[in-house]
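Enquirer: Sequence:
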Amino acid sequence: MKLVFTYPKKFVDNEVGYILGEPVNYVFKSDNDEAISYIDINLSHWDKHHNQELRKQSEIFGESYELQYINADGEFSAMVLNPTNCYVLTDGTADDNVILAIHNFKKKFDTSEYLDVYFQNYIYHYRIETGELISLGEDAHIFDRVPIVTCTANTEKHCGFKDIISLVDAYNALNSDLVNEIADFRNSYICIEGPTIEEEDLAKMKSMGIIQVPSNANVYFLTKEINDSFVQNELNNIEKKIYDLSDQVNFNENWASNTLSLALKNKLINLENRCSLKESIMEKVLKQRLRNFFYLYKRKQVSILIIGIYL
Numbered sequence: 001m002k003l004v005f006t007y008p009k010k011f012v013d014n015e016v017g018y019i020l021g022e023p024v025n026y027v028f029k030s031d032n033d034e035a036i037s038y039i040d041i042n043l044s045h046w047d048k049h050h051n052q053e054l055r056k057q058s059e060i061f062g063e064s065y066e067l068q069y070i071n072a073d074g075e076f077s078a079m080v081l082n083p084t085n086c087y088v089l090t091d092g093t094a095d096d097n098v099i100l101a102i103h104n105f106k107k108k109f110d111t112s113e114y115l116d117v118y119f120q121n122y123i124y125h126y127r128i129e130t131g132e133l134i135s136l137g138e139d140a141h142i143f144d145r146v147p148i149v150t151c152t153a154n155t156e157k158h159c160g161f162k163d164i165i166s167l168v169d170a171y172n173a174l175n176s177d178l179v180n181e182i183a184d185f186r187n188s189y190i191c192i193e194g195p196t197i198e199e200e201d202l203a204k205m206k207s208m209g210i211i212q213v214p215s216n217a218n219v220y221f222l223t224k225e226i227n228d229s230f231v232q233n234e235l236n237n238i239e240k241k242i243y244d245l246s247d248q249v250n251f252n253e254n255w256a257s258n259t260l261s262l263a264l265k266n267k268l269i270n271l272e273n274r275c276s277l278k279e280s281i282m283e284k285v286l287k288q289r290l291r292n293f294f295y296l297y298k299r300k301q302v303s304i305l306i307i308g309i310y311l
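With the first letter of the sequence shown counted as 1, position 197 gets the number 197 in the working numbering; the numbers rise by one all the way through.
It is worth saying that the hints were derived from the structure and are not from the lab. Note that the coordinates shown come from a computational prediction; the quantities given were computed from them, not determined experimentally. Note that beta-carbon positions come from the ideal geometry of N, C-alpha and C, so glycine has one too. All clues stand as given, with none of them false.
Derived EDC-like pairs: lysine to aspartate or glutamate, alpha-carbon spacing no greater than 20 Å straight-line:
| id | residue 1 | residue 2 |
| --- | --- | --- |
| 1 | LYS298 | ASP144 |
| 2 | LYS267 | GLU253 |
| 3 | LYS298 | ASP40 |
FRET-style restraints, in silico, Cβ to Cβ:
| id | residue 1 | residue 2 | range |
| --- | --- | --- | --- |
| 4 | LYS298 | GLY92 | 25 to 31 Å |
| 5 | LYS240 | TYR220 | 33 to 39 Å |
| 6 | SER112 | GLU283 | 35 to 41 Å |
| 7 | LYS9 | PRO195 | 53 to 59 Å |
| 8 | LEU277 | PRO83 | 17 to 23 Å |
| 9 | PHE119 | TYR18 | 35 to 41 Å |
| 10 | LYS10 | LYS157 | 21 to 27 Å |
| 11 | ASP184 | LYS287 | 54 to 60 Å |
Work out the full structure, taking the sequences as your base and the hints as a guide.
Expert: Set out below in C-alpha cells:
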C-alpha cells in the first residue's frame with residue numbers, strides 16, 4: 001500500500017485561490033469608462049477561470065503559456081498551454097520577447113499529431129506522420145507579434161513546490177511503511193512454543209486455517225516493536241517543515257480561541273509576501289494581454305472607419 005498526501009496540490013490551490021479567488025478588476029487612470037466597459041464585455045465571461053488555470057499550470061510546470069487567438073465569432077480569446085504541449089523561444093533580450101512558438105496537439109478521433117508554428121505574422125500548420133512533417137498550409141494572424149504570453153511561477157521558472165518534493169516523498173514513504181507494518185503480516189513469524197511441528201503439518205495448518213497444539217503450548221506472532229512516539233514526532237517534524245518551506249499556514253491545527261488578530265496576521269505574512277511576488281508576475285501577463293486586446297480593438301476601429309468612408 002502506497003499512501004499519497006497531496007500537499008503540492010493543496011498548496012497550489014491555496015495560492016491560486018488567494019491570488020485569483022476574486023476576479024481581476026481593471027481601473028483606467030484617465031477615467032475612460034468606455035475602455036473599462038469594453039474590457040468587461042469582451043473578457044469578463046472567460047478570464048476569471050482562465051487566469052486561475054494559467055496560474056495553476058505555471059505553479060505545476062514552472063511556467064505556462066497563454067495562446068491568444070480570434071475565435072469563430074471574431075472575438076478575442078485565449079487558451080492555456082504548458083511545456084508538455086508548447087515550446088517557446090525568446091530573443092534573449094531584456095524584454096524577453098517571444099520570436100517563435102510551437103503548439104503540439106491531437107484531435108479527437110484522429111490518430112495523427114499536429115503542429116502549429118507561430119511567427120510574428122504567420123502561423124504554419126503541420127501534421128506529423130511516421131516521423132515526418134507534412135505541411136498543411138499557413139495563415140496570417142492579426143497580431144503584430146507572436147500571440148503567446150509566458151507566465152512564470154517565479155524568476156527561476158521552478159515549479160511552486162520544488163523545495164518540498166523530498167519532504168513530501170519522505171512523509172508519504174513513512175506513512176506507507178507504518179500502514180503496511182500494521183496491515184501486512186507477511187513479514188511476521190508464527191512462534192509455537194512447546195510441541196514440535198513438522199513441515200507437512202504447517203501446510204495443512206495453512207490450508208485449513210487451524211492450529212491444533214497441546215494445552216501447555218503457546219502460539220503467537222513475532223512482530224516488530226515500534227516506538228510510536230518517535231515515529232509520531234518525526235511525522236510532525238516533517239509536516240511542520242513542509243508548511244514552513246512553502247510559507248503555508250496549517251489551518252487544520254487547533255488554534256486557541258483567544259488568539260489575537262495580530263498573531264493570525266503574523267502567521268499569514270509569509271504567504272502574503274509570497275503571493276505578492278506572484279501577483280506582480282500576473283500583472284505583467286495581464287498587461288501584455290491587454291496590449292494585444294486593444295491592438296485588435298484598434299484594428300477593428302480602423303476597419304469600420306475605412307468601410308464607412310468607402311460607403
